[in-house]
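Use these hints to put chains B, C and D onto chain A, whose structure you have.
Line order of the protein sequences matches chains A, B, C and D.
Heads up: the first sequence begins at 54 in this note's numbering, then just goes up one per residue.
Heads up: the second sequence begins at 54 in this note's numbering, then just goes up one per residue.
Heads up: the third sequence begins at 54 in this note's numbering, then just goes up one per residue.
Heads up: the fourth sequence begins at 54 in this note's numbering, then just goes up one per residue.
Just so you know, these hints were derived from the structure itself, not from any lab.
Treat the hints with caution; some may be incorrect.
Since copy identity is lost for identical chains, a pair holds within one copy or between any two.
As the list claims (entries may be wrong) - 30 angstroms max Cα-Cα, derived BS3-like pairs, lysine-lysine:
| # | residue 1 | residue 2 |
| --- | --- | --- |
| 1 | Lys345 | Lys85 |
| 2 | Lys193 | Lys385 |
| 3 | Lys55 | Lys96 |
| 4 | Lys302 | Lys261 |
| 5 | Lys118 | Lys261 |
| 6 | Lys118 | Lys100 |
| 7 | Lys56 | Lys85 |
| 8 | Lys85 | Lys100 |
Protein chains: 4
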Amino acid sequence: MKKMNVGIIGAGRIGRVHAESISYHIPNATIKAVSDVRLDGVKEWAKGLGIEDVYSDYHKILEDKEIDAVLVCSSTDTHAQISIEAAEAGKHIFCEKPIDYDLDRINHVLEVVEKAGVKFQVGFNRRFDHNFDRINKVTKDGVIGEPHIIKITSRDPEPPPIAYVKVSGGIFFDMAIHDFDMARFQAGCEATEVYAIGDSLVDPEIGKAGDVDTAITTIKFENGAMAVIDNSRRAAYGYDQRVEVFGSKGSIEARNDTETNTIIRTADNVASDKPLYFFLERYMGSFVEEMKQFFAAIENDTEPPVKGIDGLNSVIIAMAAKKSLDEGRPVKISEIYAV
Amino acid sequence: MKKMNVGIIGAGRIGRVHAESISYHIPNATIKAVSDVRLDGVKEWAKGLGIEDVYSDYHKILEDKEIDAVLVCSSTDTHAQISIEAAEAGKHIFCEKPIDYDLDRINHVLEVVEKAGVKFQVGFNRRFDHNFDRINKVTKDGVIGEPHIIKITSRDPEPPPIAYVKVSGGIFFDMAIHDFDMARFQAGCEATEVYAIGDSLVDPEIGKAGDVDTAITTIKFENGAMAVIDNSRRAAYGYDQRVEVFGSKGSIEARNDTETNTIIRTADNVASDKPLYFFLERYMGSFVEEMKQFFAAIENDTEPPVKGIDGLNSVIIAMAAKKSLDEGRPVKISEIYAV
Amino acid sequence: MKKMNVGIIGAGRIGRVHAESISYHIPNATIKAVSDVRLDGVKEWAKGLGIEDVYSDYHKILEDKEIDAVLVCSSTDTHAQISIEAAEAGKHIFCEKPIDYDLDRINHVLEVVEKAGVKFQVGFNRRFDHNFDRINKVTKDGVIGEPHIIKITSRDPEPPPIAYVKVSGGIFFDMAIHDFDMARFQAGCEATEVYAIGDSLVDPEIGKAGDVDTAITTIKFENGAMAVIDNSRRAAYGYDQRVEVFGSKGSIEARNDTETNTIIRTADNVASDKPLYFFLERYMGSFVEEMKQFFAAIENDTEPPVKGIDGLNSVIIAMAAKKSLDEGRPVKISEIYAV
Amino acid sequence: MKKMNVGIIGAGRIGRVHAESISYHIPNATIKAVSDVRLDGVKEWAKGLGIEDVYSDYHKILEDKEIDAVLVCSSTDTHAQISIEAAEAGKHIFCEKPIDYDLDRINHVLEVVEKAGVKFQVGFNRRFDHNFDRINKVTKDGVIGEPHIIKITSRDPEPPPIAYVKVSGGIFFDMAIHDFDMARFQAGCEATEVYAIGDSLVDPEIGKAGDVDTAITTIKFENGAMAVIDNSRRAAYGYDQRVEVFGSKGSIEARNDTETNTIIRTADNVASDKPLYFFLERYMGSFVEEMKQFFAAIENDTEPPVKGIDGLNSVIIAMAAKKSLDEGRPVKISEIYAV
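Isolated chain A, as found in the complex (with noise of 0.2 angstroms):
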């Protein structure tokens, strides 16, 4: 077997991971290249890891005839351009979520894509966490039966700054859209209607930069399954995690990851770990475990696990969740998008 070579554009903290994940843990792949507009420190880390070139454009890692797949893991606003230009130079594409925000390019990166016929997975890297791995995989085998009601707590340890907050399109784009995925990828089907409400309870600075900062947002899917998701913005104890899929014979729910299964019995009480503290901690299982499957679905030839229709349906239900909240009313997926 061949050793497959991987050039990672955009080596910022996402890429960096994936780097590691790659270098540690897929034998059979070599990362020869990285492409960062900034370059300080990125040699200094590129050289730590191996890795033979390290460039400012990302062209030069396109034309490179040897590298056989890419990691897109540069701003958003540039990953459907770098997508489209990957296709074409006929390299496997792994693209960070989202793929855009603008639905038509979404499919143009499809569609070329497609035409191309290269690997395209878009990096939901939740779903191949162990516990909501699990969480699918015993819906799957029917164990609780048909499902009818998907629960998810989703809130973030601490908000991000406010300058983030005005350019990442809010809450339901930077934060909810995983959770968005993750309904769809345990109801197995897709979104009909969406309905959400919001408010900026933590912090009425998000408020003012016209995002809300707590929300509730409930899906009907095709299949009769209704899905549930709550979102903060800020818990006190650190990031909390929980998925509930409940069926007709029984529910499966996975509850939050912890440092240690240590429990303290104290006068005061009994007392075990706070959730893992953040994404980095909590999900570096599932971000190794999404370029295993990457790598495998190009080196046997087979369907990425999540794939471009992914991403832009995700990005979908985001939208009906701001025009729900926007305009007070359940938003059919419809009215956002006609098939």
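Structure of chains B, C and D alone, referenced to chain A:
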């Protein structure tokens, strides 16, 4: 201290539960009389508890000058009328929920009660549950800060007979009404808007009878808190009754009660008990406690812990939920009832 | 069915607990009389429960032909004598543990009881605890196979007064004796050898009084099972009462009971309730259940669930444990008592 | 900072685990050479990790002047000899447990190591487990006060082959020795007396081979703390590894790690995951951490976290346990080894 004399109107299941609570746990109250429209079996049961008088006509109880307080445990359609007559007879009243399904009639009851100056407590027993009472106290103590999100899981082990579904008013009136009161209890203020989705996923016959068996209701409250309630008529594993209140400083969550705290480890899995089967098992302690607090309110001449307004406002939320489901849109409380 | 008449000898804390269990939970038994050497407060208390006769001399109870059964709840040193007299008077007997600290006297009691043909049940209430009873049933059903290891954690919230320690016989007789019976109950056979280590780590005054406050006792059983019990006179977090039985096919473990099933998540930790404070809170259900089964044994003329031999053999283990601690070596049961 | 060069002596299961920990997690260490008496498969494996030199004779490693540290992962009977030679060659040493089964030989190793002034760390990896390390830190921080009782549950999922049992030294030497070190680790001082009971309840063949498969060992420590360890060669539900330390102000307990934190509720029960299957799954994190701390001790010229004395004293406890079991009496540490 003089012992209080009590009359119980309606000796069905819930009337008997209250009678036993009083007999075994309220030393300063004596059940002097019981009435029921069907006397078969009642006399024998009453004798076992040492109850002196057994009537088929509740007016006999109201006419008994020695009786200080009555429990209205008859069929729902008689609650309002009996409560009015009891108030006019100067009796303190414990009235099972719902008071009525007609807002004008409920208001009339409350007016008569107020004029009569008698205590009037409504049977929202779950407020007295050890778990939910703890949540309320911890929240009131400020431990979790301002409440932002209230999550209620409320699933029955088995659907009621279709015949019952047809006359009960449906899932929002006969089942979720407890959860609506719980949301109000934990929010500490009144609802402003309600949105409900639902479907008959458990049994299509329920759908044919004009009801849903699975529902998700979101409620906005005056203080900005948001509640979400998920209901199912059938949880394969039993009675699922959980509440979480999430606030600015943390969260408090009540898990299910079980018969034992044992865990069994075998080659199959690590298994613990299912939740207590249904409301008589799960909420027995709360039934006792609500009686204790009712009689304490009489004795100390203090406000009863669940008042007429609680009976009224929970019905209003149920009406809003039903209207929301029917019309597919959020419904403002002010649409149902203008203060 | 004729109601059974009961006399209670000794109206201290445990006598009153049993009286209330009978009054509220045993419909076919009536407490006709109570006796206590100190009558202050007893009359008032007895009146509240509707008990007819109050005596300072227990012989009055034994002479009452209408009384079917007595509860011996007096001080330990009187258990044997009263039980003998009660048996000779033809009364069924519920005797609080321990029967006595002298093996010959215990044996004499058992002989008299057998000759009289009356029921004789010993007050090892923990066998009736919902958790430990479940362990026993699951084990008997073969779910965990043959029992190999029995682990008992038994820690009090506070040490007793030093004055009590001096006369109680020490930790093995006044505290661990319950655990010795529990080990026998779960093993399903008799002990053959005992080894105990201990020290006064909680309070040196306990050591000066000739006792230890922290002990670990290992017991070998006839069927090859091994038990280990750890005792402490003071767990800072309350009453710690756990049992695990590990067998060839798995294990079953009982965790502590708590007042609520709530968990509080804050910036500090994830906290749940401490164990129920002490035996009256923790074992109230078991006290009721042991009364139910005592009166059921009388009514159905069946063997009582805890017999005289249980009272005898637990004292024998306590003696072996004490001897082992004193002599620093394992002690065979046959050294204490030759069958 | 100069990279350290490492030689691994013995490329069996545990040697490879350490090699991977170093390759993936210790950036400032490079595995330069590996040796094994059987080279089949080793070369290919070494190539995959980029290891330069592969030898059948470990002396080649000791002769390599560029190598700073060696890992002694060969068969137990060679640990002492290789450690001595490595120390004399000026290499820092990580030696798998046990150092040897002969106390004089162990002492000789420790003397040579001390004279050579090299680091010497023993492979008690469980000290680095996230749960047990937390217990140690919480205890050292005084959160639970003075330790009184240490309870260790240590049960394997399957017994080893009978052939292994015959040569391993038995349950105290090949299995419980980890628990003896854990008890020392948590007690923070040395043992003074040991008592063990045991039997072959899992498999009579183990008994015929001269060993027991089920054992309970109690240990007294210098500071008054008492430890109790229960061992079984077969827990039907997998690898059961729990530790509790109970002290004057509370207790801390580590429960088992599991693959996921999901719970499944069905008509049967509420089920969670079994413990992680065996030591490679359960303790993988600890293997990485012990390597990190070994190389940190070299780099910072500090004391290694597990020293020669730890290797020595755990063997001494194992000898005392074996003698206690054989002679049916408690055995003082001073009987085994006079300081």
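So, going through the hints one by one against the coordinates:
Taking CA atoms no more than 30 angstroms apart as the test, Lys345 paired with Lys85 passes in both settings, with 17 angstroms inside one copy and 28 angstroms between copies. Only within a single protomer do Lys193 and Lys385 lie at most 30 angstroms apart by alpha-carbon distance; the minimum there is 27 angstroms, versus 39 angstroms between protomers. In this assembly of identical chains, Lys55 and Lys96 lie within 30 angstroms of each other by CA distance both inside one copy and across copies; the values are 27 angstroms within and 19 angstroms between. When the C-alpha separation of Lys302 and Lys261 is checked against a cutoff of 30 angstroms, the pair qualifies only between copies, where the shortest distance is 22 angstroms, while the shortest distance within a copy is 45 angstroms.
Within a single copy, Lys118 and Lys261 get their C-alpha atoms no closer than 49 angstroms, and across copies no closer than 64 angstroms, so neither meets the 30 angstroms cut-off. Proximity of Lys118 and Lys100 under a CA criterion of 30 angstroms is satisfied in both settings, with 22 angstroms inside one chain copy and 27 angstroms between copies. Both within a single protomer and between protomers do Lys56 and Lys85 lie at most 30 angstroms apart by alpha-carbon distance, with minima of 11 angstroms and 23 angstroms respectively. Taking CA atoms no more than 30 angstroms apart as the test, Lys85 paired with Lys100 passes in both settings, with 11 angstroms inside one copy and 19 angstroms between copies.
Hint compliance for this structure: hint 5 alone is broken.
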